[in-house]
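K.L.:
Take a look at the letters that make up each chain.
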Amino acid sequence: MIPALGLVAGLVIGLLLHPDVPLWLQPYLPIAVVAALDAVFGAVRAVMDGIFNDRVFVISFLSNVVVAALIVFLGDQLGVGSQLSTGVVVVLGLRIFSNMAAIRRHLFHA
Amino acid sequence: MTSTTKPRDPAASMSLITELMTHPLDPAYEAAAARRERAGRPRATGLRSPMLLIVCILVGVGLAVSALALRVPLGTAKQQHDQLVGSITSRQSDIDSDTAAINKLQKQITGYQTQALKHAHRAGLSTQLSRLSVLTGAVAVKGPGLKLRVDDAKASDTDAQGNPRTDSSSEGRVTSSDMQIIVNGLWRAGAEAISINGQRLTAQSAIRFAGEAILVNFRPLSPPYTITAVGAGDDMEQKFQSGMGGIYLKGLMDDYGIRSSLSTSKSVQVPAGPAPSLTYAEVAKEKK
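One line per chain: the protein sequences are A and B, in this order.
The numbering used here puts the last residue of the first sequence at 512; the count rises by one with no breaks.
The numbering used here puts the last residue of the second sequence at 291; the count rises by one with no breaks.
These are calculated hints, taken from the structure and not from any lab test.
A quick note: this is a predicted structure, and the numbers were derived from the prediction, not measured.
Cβ-Cβ distance ranges computed for the label pairs, FRET-style:
no., chain 1, residue 1, chain 2, residue 2, range
1, B, 214, A, 502, 37 to 45 Å
2, A, 423, B, 83, 22 to 30 Å
3, A, 422, B, 152, 53 to 61 Å
4, A, 410, B, 223, 47 to 55 Å
5, A, 427, B, 201, 52 to 60 Å
6, A, 511, B, 87, 48 to 56 Å
7, A, 428, B, 108, 55 to 63 Å
8, A, 479, B, 201, 54 to 62 Å
9, B, 88, A, 506, 43 to 51 Å
10, A, 511, B, 26, 18 to 26 Å
11, B, 24, A, 428, 30 to 38 Å
A short, non-exhaustive set of chain B residues, derived as facing chain A with CB atoms under 7 Å:
no., residue
12, 28
13, 46
14, 59
The beta-carbon is built from N, C-alpha and C at its ideal position, and this holds for glycine as well.
Given the sequences, and given the hints that come with them, work out the whole structure.
P.N.:
Shown next, in the form of structure tokens:
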């Protein structure tokens with residue numbers, strides 16, 4: 403419950419503060435968000451499986467975001483930024499969907 | 004490296020997608036749970052750690068910020084599009100009204116010209132002038148003739164957005180070269196003046212393609228195309244039908260489903276063309 407409240411609080415804070423994102427950071431945002439979502443869905447599934455570990459979650463979240471940003475940065479330097487981003491989105495998207503499927507099985511037994 | 008104890012699955016390096024689908028969860032969770040179990044603690048930790056809360060707030064802020072920063076307001080693109088379309092239409096209507104004014108003035112000039120010539124008792128010059136202006140398309144003409152309606156095939160309608168670029172079925176579309184062949188057929192059949200959708204074909208007219216639109220006199224036309232030709236009515240129709248243009252058109256109809264209809268009329272009107280502005284050309288003196 404508390405993490406969900408934290409998420410909502412974060413959303414509200416972000417919406418209210420409406421901070422300006424510096425231009426150099428903007429290419430990394432979408433990938434970082436997808437990576438963060440992947441970590442979040444993984445955590446939800448872990449909670450349902452009964453093996454949640456806060457340390458693992460925090461580390462996986464941070465490493466996901468950093469690696470995603472790194473991949474985009476590297477791709478931009480090599481001139482294949484959009485292709486690499488697509489790859490990252492596909493892989494993370496697959497993970498999100500299969501985690502989502504597990505969560506669904508837990509929740510609805512279907 | 005080390006000699007493997009178990010023969011490796013030869014496809015192991017290619018099982019990325021399978022791996023992703025079957026074990027989407029970070030393996031660290033499983034490992035940590037096993038470690039905690041060995042230490043005699045419950046497999047899962049609680050959800051009350053402050054670190055977790057901080058990260059959750061961070062995720063929330065990140066989501067909100069990126070949504071705000073990256074979202075392209077839905078209306079903006081459409082607004083700009085509408086604005087551009089609006090300015091095109093207004094310019095177009097400006098051009099139309101200017102053209103109408105020019106034509107009116109031209110008519111006045113022609114009237115004064117005939118009057119002046121009549122006063123000067125040079126009727127021969129007057130008839131020559133009117134003949135030449137008919138030939139050059141400077142004045143509207145009417146007379147017996149035919150109307151030929153050509154339209155794209157039914158299946159080649161533009162897609163929902165009206166964007167011909169995303170539309171793949173361009174087979175049944177009338178192209179500029181079709182139009183050129185048909186018009187040339189009409190000239191050969193004895194047409195004396197031709198207009199397409201109200202655009203008079205003059206010596207300076209070109210039938211061109213710009214993207215998917217046919218341009219005549221640099222004005223884009225939209226189907227259906229109505230070709231009006233002044234000439235010897237039925238005779239011209241027969242000549243056209245049996246000539247190259249008619250045969251080509253029939254081929255278009257049979258092979259691509261392009262629709263066309265031809266009707267002769269006792270009196271058709273062909274409007275004047277855009278006034279040609281001659282800046283450099285002048286009459287060459289004939290050698291005597």
